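Novice: Put together the whole structure using the sequences plus the hints.
Protein chains in written order, with numbering that gives the first Met the number 0: chain A, 0 to 289; chain B, 0 to 226; chain C, 0 to 260.
Simulated from the structure, these hints should not be mistaken for lab results. There's no promise every hint is true.
What the hints assert, rightly or not - Cross-link-like lysine-lysine pairs, in silico, PhoX-like; alpha carbons within 25 angstroms at most: (1) K139(A) x K22(A); (2) K132(C) x K152(A); (3) K172(A) x K139(A); (4) K277(A) x K232(A); (5) K232(A) x K172(A); (6) K15(C) x K73(B).
Claimed, not checked - Output of the computed footprint for chain A on chain C, the stretches with three or more beta carbons under 8 angstroms from beta carbons of chain A: (7) 79-91; (8) 100-110.
Stated by the list, open to error - Beyond 12 angstroms from chain C on every Cβ pair, some chain A residues (computed): (9) K13; (10) P39; (11) W44; (12) D59; (13) T73; (14) Q83; (15) T98; (16) Y215; (17) D225; (18) D248; (19) D254.
This structure is a prediction, so every number in the text was calculated from the model and none was measured. Idealized CB from N, CA, C, for every residue including glycine.
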Amino acid sequence: MSDYNFAYLDEQTKRMIRRAILKGIAVPGYQVPFASREMPMPYGWGTGGVQVTAACLTPDDTLKVIDQGADDTTNAVSIRRFFQRTAGVATTEATEEATIIQTRHRIPETPLTEGQILVYQVPIPEPLRFLEPRETETRKMHELEEYGLMHVKLYEDIARHGQIATSYAYPVKVEGRYVMDPSPIPKFDNPKLTANPAIQLFGAGREQRIYALPPYTEVVSLDFDDHPFQASKAAHDCDLCGAKDSYLDEVITDDAGGRMFVCSDTEYCTSRRAAGHKGRLWAPEPEGVA
Amino acid sequence: MIRIENLSKSFTLHNQGSAVIPVMAGAHLTIQPGECVGLTGQSGSGKSTLMRMVWGNYLAAGGSIMVGDTDVAKAEPRQIIALRRETLGYVSQFLRVVPRVPTLDVVAEPLLALGTPVAEARERAADLLQRLNIPERLWPLSPTTFSGGEQQRVNIARGFAHPYPALLLDEPTASLDAANREVVLTLIEEAKARGAAILGIFHDEGARARVCDRLVDVTGFTPKAAA
Amino acid sequence: MTLMEKMTATTQPLLKVDGLTKRYGPRIGCLDVSFDLYPGEVLGIVGESGSGKSTLLSCLAGHQRADLGRIAYDGRDVLAMSETERRRLGRTDWAYVHQNPRDGLRMGVSAGGNVGERLMAVGARHYGEIRGKAQDWLGRVEIAGDRIDDRPSAFSGGMQQRLQIARNLVTSPRLVFMDEPTGGLDVSVQARLLDLLRGLVRDLGLSVIIVTHDLAVVRLLAHRLMVMKSGRVVEQGLTDQVLDDPQHAYTQLLVSSVLQV
Numbered sequence: 000m001s002d003y004n005f006a007y008l009d010e011q012t013k014r015m016i017r018r019a020i021l022k023g024i025a026v027p028g029y030q031v032p033f034a035s036r037e038m039p040m041p042y043g044w045g046t047g048g049v050q051v052t053a054a055c056l057t058p059d060d061t062l063k064v065i066d067q068g069a070d071d072t073t074n075a076v077s078i079r080r081f082f083q084r085t086a087g088v089a090t091t092e093a094t095e096e097a098t099i100i101q102t103r104h105r106i107p108e109t110p111l112t113e114g115q116i117l118v119y120q121v122p123i124p125e126p127l128r129f130l131e132p133r134e135t136e137t138r139k140m141h142e143l144e145e146y147g148l149m150h151v152k153l154y155e156d157i158a159r160h161g162q163i164a165t166s167y168a169y170p171v172k173v174e175g176r177y178v179m180d181p182s183p184i185p186k187f188d189n190p191k192l193t194a195n196p197a198i199q200l201f202g203a204g205r206e207q208r209i210y211a212l213p214p215y216t217e218v219v220s221l222d223f224d225d226h227p228f229q230a231s232k233a234a235h236d237c238d239l240c241g242a243k244d245s246y247l248d249e250v251i252t253d254d255a256g257g258r259m260f261v262c263s264d265t266e267y268c269t270s271r272r273a274a275g276h277k278g279r280l281w282a283p284e285p286e287g288v289a
Numbered sequence: 000m001i002r003i004e005n006l007s008k009s010f011t012l013h014n015q016g017s018a019v020i021p022v023m024a025g026a027h028l029t030i031q032p033g034e035c036v037g038l039t040g041q042s043g044s045g046k047s048t049l050m051r052m053v054w055g056n057y058l059a060a061g062g063s064i065m066v067g068d069t070d071v072a073k074a075e076p077r078q079i080i081a082l083r084r085e086t087l088g089y090v091s092q093f094l095r096v097v098p099r100v101p102t103l104d105v106v107a108e109p110l111l112a113l114g115t116p117v118a119e120a121r122e123r124a125a126d127l128l129q130r131l132n133i134p135e136r137l138w139p140l141s142p143t144t145f146s147g148g149e150q151q152r153v154n155i156a157r158g159f160a161h162p163y164p165a166l167l168l169d170e171p172t173a174s175l176d177a178a179n180r181e182v183v184l185t186l187i188e189e190a191k192a193r194g195a196a197i198l199g200i201f202h203d204e205g206a207r208a209r210v211c212d213r214l215v216d217v218t219g220f221t222p223k224a225a226a
Numbered sequence: 000m001t002l003m004e005k006m007t008a009t010t011q012p013l014l015k016v017d018g019l020t021k022r023y024g025p026r027i028g029c030l031d032v033s034f035d036l037y038p039g040e041v042l043g044i045v046g047e048s049g050s051g052k053s054t055l056l057s058c059l060a061g062h063q064r065a066d067l068g069r070i071a072y073d074g075r076d077v078l079a080m081s082e083t084e085r086r087r088l089g090r091t092d093w094a095y096v097h098q099n100p101r102d103g104l105r106m107g108v109s110a111g112g113n114v115g116e117r118l119m120a121v122g123a124r125h126y127g128e129i130r131g132k133a134q135d136w137l138g139r140v141e142i143a144g145d146r147i148d149d150r151p152s153a154f155s156g157g158m159q160q161r162l163q164i165a166r167n168l169v170t171s172p173r174l175v176f177m178d179e180p181t182g183g184l185d186v187s188v189q190a191r192l193l194d195l196l197r198g199l200v201r202d203l204g205l206s207v208i209i210v211t212h213d214l215a216v217v218r219l220l221a222h223r224l225m226v227m228k229s230g231r232v233v234e235q236g237l238t239d240q241v242l243d244d245p246q247h248a249y250t251q252l253l254v255s256s257v258l259q260v
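Specialist: Here it is, written out as structure tokens:
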């Protein structure tokens with residue numbers, strides 16, 4: 000433990016953020032402005048998520064941090080250490096053991112349960128932003144539920160690529176009301192957003208917005224009648240654990256075209272291998288390939 | 000069909016010392032269906048002015064101009080628009096069209112405005128252009144580049160496309176050769192035969208003698224005070 | 000005569016404007032403007048820069064709020080509507096064609112997406128049908144079908160303006176506002192656009208309010224004309240009557256100032 004206040008932020012700031020979170024939970028999908036603080040890390044490294052996590056943490060919590068599904072990459076490791084130092088909370092890599100999971104760009108494969116909180120790091124919270132640059136106008140569009148523009152984006156996809164090519168940050172509609180950017184998770188994860196027993200919180204530090212999905216919220220991915228939404232993944236099994244149903248990363252293994260597909264959720268993959276599942280390229284010392 | 004009573008007209012030139020120029024007073028004129036009345040009088044006596052007032056192009060200062068059931072002197076713009084669409088045709092001396100529109104469509108337009116199917120309207124237009132000796136190769140072209148005589152014939156075709164119950168003709172035979180003049184006069188006779196009331200200006204005395212049932216000298220409508 | 004009686008007797012005005020006034024502080028935007036617009040009618044508004052014609056148009060279209068007066072559209076009080084209702088009207092029954100197509104188009108979205116947007120905004124969710132309608136409308140404004148996936152930035156000024164018109168008319172609006180739609184175009188391109196607009200007005204029975212300073216444009220397009228000066232309507236009537244027999248000093252000046260070609 001150090002001389003920082005518990006979880007780095009002062010109590011007034013945490014109260015302010017908690018109010019924003021509660022408002023976000025009360026109005027699912029609505030982007031609540033909040034007074035984002037300077038954090039001891041650069042924008043784009045999860046300052047929004049860190050502030051939300053800090054406001055939610057209690058000394059009894061167990062924290063898990065993932066970056067693109069992995070517990071052991073720089074971003075995940077540094078944020079986990081940050082809270083170990085400033086809050087002294089227990090940390091874990093096991094999804095089912097965690098009470099708070101901060102994530103960048105993935106939803107864990109292991110189904111979440113009631114009582115868990117999933118905190119997303121969000122770069123651009125406004126789903127309409129790339130089509131309508133004016134904040135005043137996008138706010139009005141949300142207010143008046145004018146979401147035709149969102150479909151224009153999907154239309155453009157099909158016109159150009161023959162299908163909806165948006166593969167991450169795929170827009171969703173929350174409880175039939177607000178259109179929301181689920182952060183840059185792969186659209187493979189979109190079906191996990193809906194009716195999820197966990198609380199899902201989204202924090203955008205630079206853009207100063209917090210939004211939320213309370214447990215069991217209905218979240219529908221936008222689509223066309225003749226081009227329905229499809230959660231896609233690479234057409235392979237995990238080469239390490241053999242999972243057929245998890246989201247895969249492609250790993251180049253040599254400069255002769257060799258490659259393998261592995262679970263992007265490292266904890267899921269590890270625990271499956273521990274349970275005896277084997278993939279095509281599994282060898283007793285998996286660290287060598289990963 | 001056309002009944003003009005006690006019609007008067009003056010122009011106020013605001014930008015030239017607000018000069019008020021009375022040009023017409025106490026004009027009376029009645030035209031029955033199937034009748035053609037020719038206006039006479041020297042140049043500047045008010046023939047065109049009277050014609051334009053019946054068309055609704057010039058505002059009347061007083062009196063009435065009944066065309067069918069509409070008093071053009073008092074009607075709302077939209078009533079005049081309806082009148083021009085359905086009842087009152089006008090062949091002016093000048094063709095005023097949107098550039099680029101093919102001649103065939105220029106002639107068909109009055110019919111299209113009445114909701115006639117395109118094919119039928121074009122057929123009628125083609126028929127008239129044929130009669131007026133406009134070569135078929137010119138039909139897809141805009142009449143804006145045509146010679147004066149050709150433009151005049153396109154204008155006539157357009158004016159006769161719809162069987163208006165009332166027609167205004169301003170020098171319809173001017174600048175036409177003998178053959179085309181004959182076609183136009185026949186068109187006028189046909190219009191009379193189907194019961195159209197026609198008010199016209201004809202400088203061509205032969206034409207006047209052939210189609211006009213009566214002549215009215217507009218000099219009689221010149222305001223006394225101004226004389 | 001019966002048809003005409005039907006036209007004049009049974010039709011109600013589509014738009015009824017009464018005493019519309021807009022001030023910018025002490026300056027007058029437009030003052031006490033009243034008129035009726037009937038279905039299928041094209042009303043031209045002319046006047047020099049600063050005469051209030053653009054202010055009037057933007058008040059009518061709901062882009063600015065008038066200070067005084069009433070606007071009734073199809074019997075409904077436009078100024079009393081909620082913003083949701085008014086904006087819904089703005090993308091269904093109404094259309095607005097900007098002078099500069101860049102103001103009315105999404106330059107980063109393909110031609111097809113531009114035309115389809117209004118359809119999607121009112122709930123169309125079938126890609127094939129949306130694309131089919133977009134294709135049809137591109138054809139109606141004489142843009143080749145194979146340009147459907149090109150962005151407007153690759154189009155000429157005249158094509159952009161026609162695309163803007165297609166984008167606006169795809170939801171079959173009944174009332175179209177146009178702000179100098181032929182301004183900034185070459186004369187030959189203008190003519191083509193005018194012809195197109197005339198055809199659309201006639202075939203779709205559109206009511207149009209067109210603001211322009213080009214008297215030749217209104218002569219060819221507008222049934223009726225309103226002349227504005229210093230925020231006031233100084234004269235209104237049948238277009239050719241106002242142009243050929245202007246009654247007001249300002250209109251006489253305006254008409255006599257046009258260069259003859």
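Novice: Going through the numbered hints above, which ones does this structure break? Give me the numbers in ascending order.
Specialist: 17
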